[in-house]
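Peer 1: Kindly produce the complete structure, drawing on both the sequences and the hints.
According to UniProt numbering, the sequence shown is numbered sequentially starting from 1.
Take these hints with a grain of salt, some might be off.
[As the list claims (entries may be wrong)] No more than 25 Å apart at the CA atoms, straight line, and that leaves these computed lysine-lysine pairs for BS3-like:
id	residue 1	residue 2
1	Lys11	Lys33
2	Lys33	Lys104
3	Lys91	Lys33
4	Lys104	Lys91
5	Lys11	Lys104
Just so you know, the hints here were simulated from the structure itself, not pulled from any lab data.
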Amino acid sequence: MSTDPRFAFIKIFVDDLVTEAVFYTSTFGMSEKARLAFGEGADALEEIILTTARDDDSNFILWRYLERSTPPAGEATLGFTVADVEDIARKAEINGGSIVQPPKTMPEAGVAVAFIADPEGHVIEVVQYL
1 MSTDPRFAFI KIFVDDLVTE AVFYTSTFGM SEKARLAFGE GADALEEIIL
51 TTARDDDSNF ILWRYLERST PPAGEATLGF TVADVEDIAR KAEINGGSIV
101 QPPKTMPEAG VAVAFIADPE GHVIEVVQYL
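Peer 2: Take a look at the structure:
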């Protein structure tokens, strides 16, 4: 398995997870891969991970905040899986980006996660599997 960064997922924020999941599974033949809930306070959220039957496909993730308003439609979160989330966060800053949320280990989910932004402010979630 390669340790090179891989485009792995895209996320959109929604108000109604079930309605949106039904839309994407019914319209595009996607299937539900997982449902997760995590975070606390204003960062608490739940997500549904959708995928297609293709072995090489990336995930499409629906997110819903539990205690704050849904961001307006039009912006998405890009996601990359990487070998070293700390290294990628450093590289982002060196290359003109910024760290939105520093790397955080989430043992219950088996990942370390950071949120970075490109030079124009587009948010990128960087995930390292533990």
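Peer 1: Next step is simple, just say for each hint if it's right about the structure.
Peer 2: The hints, checked one at a time:
no. : hint           : result
1   : Lys11 - Lys33  : 14 Å, holds
2   : Lys33 - Lys104 : 24 Å, holds
3   : Lys91 - Lys33  : 31 Å, violated
4   : Lys104 - Lys91 : 17 Å, holds
5   : Lys11 - Lys104 : 19 Å, holds
Checked against the numbered hints above, the structure violates only hint 3.
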